[in-house]
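Undergrad: Spelled out, the chains give:
2 protein chains.
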Amino acid sequence: MVTIYDIAKKANVSAMTVSRVINNSGRISEKTRIKVKKIMEEMNYVPNSMARSLVLQETKILSLLITDITNPFFTTLARGAEDAAMRRGYKLLFGNSDENLQKEKEYVDMMLTARVDGVLFAPTGDASLEHLSILRTHNIPLVLLDREVPGFETDMVLGDSRAGARQLVEHLISLGHKRIALLNGPLHVSTARHRLAGYKEALKLNDLAYDDRLVVELDYKPAAENLAMDSLLQQTDPPTAIFAANNFLAIGAIRSLRAKGISVPKQISVVCFDDFGESLSLDPFLTVASQPAYQFGALGIQLLIERIQDKSEGDYRKIVLPPELIIRSSAQALNIM
Amino acid sequence: MVTIYDIAKKANVSAMTVSRVINNSGRISEKTRIKVKKIMEEMNYVPNSMARSLVLQETKILSLLITDITNPFFTTLARGAEDAAMRRGYKLLFGNSDENLQKEKEYVDMMLTARVDGVLFAPTGDASLEHLSILRTHNIPLVLLDREVPGFETDMVLGDSRAGARQLVEHLISLGHKRIALLNGPLHVSTARHRLAGYKEALKLNDLAYDDRLVVELDYKPAAENLAMDSLLQQTDPPTAIFAANNFLAIGAIRSLRAKGISVPKQISVVCFDDFGESLSLDPFLTVASQPAYQFGALGIQLLIERIQDKSEGDYRKIVLPPELIIRSSAQALNIM
DNA sequence: CTGTTAGCGCTTTCAT
DNA sequence: ATGAAAGCGCTAACAG
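Those sequence lines, one after another, are chains A and B.
Residue numbers for the first sequence follow my numbering, so the first one is 886 and each next one is one higher.
Residue numbers for the second sequence follow my numbering, so the first one is 886 and each next one is one higher.
For the record, the hints were derived by calculation from the structure and aren't laboratory data.
Nothing here was measured: the structure is a model prediction, and the numbers come from that model.
Just to be clear, a hint being listed does not mean it is correct.
Since the list can't tell identical chains apart, any single copy or any two copies may satisfy a pair.
Simulated crosslink set (DSBU-like; lysine-lysine; CA at most 30 Å straight-line) [stated by the list, open to error]:
| id | residue 1 | residue 2 |
| --- | --- | --- |
| 1 | Lys990 | Lys922 |
| 2 | Lys988 | Lys1151 |
| 3 | Lys988 | Lys923 |
| 4 | Lys923 | Lys990 |
| 5 | Lys990 | Lys945 |
| 6 | Lys988 | Lys922 |
Full structure from sequences and hints, please.
TA: Here is the structure:
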């Protein structure tokens, strides 16, 4: 392995001079700078970031933990974070917790031993509090993404789940629907609670009664939608529309409905939170509350780096990004029979 | 920051003893082991992987570079790699080159300075040769994924693009199609060349003439499919079926066709390479050659770690994973008019 | 403008 | 069973 000492020897200078050339620090004569640079090239020198970090006490590595790498919302968010980090000279260490608290813990340990300079964290749920506290104990700057965790204060970038849910449900109501089901994620995740709140709010604003038989809470398990649909449809007064709390739930629901021979949107309307990437949807027909996923990542990195560099104990900032209602064809006016 | 010296002092032992406890190495009395462990807990000690790597000359970090983080093929592959790496005690540093040679170079530099123990590399194309050579120069074990690069020998995990393409095209032929267009990726990527070869092979096996007006080479730019469709359809003897070399191209093509009021599959059949994840496709109707993406990642890691640990200069291994033909409804029998 | 010294946190080697 | 010394590759602080 080529070190600065190898370079130094060959260039007849001290290691320190080589170090200065590498970092463009201090004053160095143009002549030696060029000589050293040339030798570094010749010898294929690559700085050792381990050694550097050890003395500098900073790694220039940020970590991004997401909960589902197969979800377009998170991959788009990841691209936003990556671009923003790179642009500012930071590397990004990805992690995928898979909505799994145990995996999340492993990633937290990894962040700690890797001595990352900061963390962008999409928690699996309220139980992530413990993990966040560990990071806080070690003074690692931290930005929460997409989901908040009760009892934990920090910078965050969130969507407006309540408003988005309300808009979606009001859209259904404006189409004449009165029996609207909510296919929700687990309530230990803040976004699920907020979407439920928005759902209730929309009902109330329109003088519709809240019926808890229309609300189903699903964890992110495959095929759970199928059972949920069954029970929903067997009710005496079944829903005419479904509000799915995220894109995957909507897809699961629609597939389940179609498998039963029920047409969407002709027989049942469906709307959901989160869009799919442009390149993924064959037939963009879902009416959605689309979130600016790329911005989530980019702004998260910005907050994080500001926190790292200012070292300031300034007040925590909470950025709330509004969703955009995109009306397509998966929800239609209720047929008056 | 808590170091082994802090622990040592508090436990009235030497740093060396603490180190031994951490690594379960050497013999230590049960009494001191327990005492030291307890103090480590109390003080929230976390080993510093930088310092450790610096002396050990290994990081236990592997790097995975993919070309498109929004493509389900690669995210699924990433999950396979991640699971396999974690299971064997390695961490995975993700990178997303975005089919961009410049970004790829930045990631290579990063791998070098981060001193990763090995690299899983999906190259952007043949021009990646230079980057691979750099890694080779620095003796970094390397496994190529999905795409090979002429002139570069190493372990690889590939799909059988030629066979998959042949099957897809023969399927179309069996449905009565004779004018079959190929919507291909750029030819500086090995998979595109192999898919072209498979396409030609299928034609030849069925005594159909190869017509280069039916073959379009697209780079991965948005909306390129639209223009390609235009020119394809304006021909005197336009295609009745399209073989798209990957999932995104197929989607682009279908959207373009539908925008022109052309129905798939009624008027034009479409098949493609690579499936979508289960959770992403609303309406799994595309007939595809599906690749075992998860296996690509898992096997890649396996090859890589074996190479790292054996240090052996054994022969390079090339694993070729066959695709699976999944017949759905996007391709139908040609209407005899 | 350049060099010397010391030390970042850890483990290897050699003592005891 | 435990410890002391040296060194991994690098840079901050000070000296010249």
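Undergrad: Determine for every hint whether it applies to the structure shown.
TA: Comparing the hints with the structure gives:
1. Lys990 to Lys922: between (43 Å within a copy, 20 Å between copies)
2. Lys988 to Lys1151: neither (42 Å within a copy, 47 Å between copies)
3. Lys988 to Lys923: between (46 Å within a copy, 24 Å between copies)
4. Lys923 to Lys990: This pair counts as between: shortest inter-copy Cα distance 20 Å, intra-copy 46 Å.
5. Lys990 to Lys945: both (22 Å within a copy, 18 Å between copies)
6. Lys988 to Lys922: between (44 Å within a copy, 23 Å between copies)
In summary, the structure is inconsistent with hint 2 from the numbered list given earlier, while agreeing with all the others.
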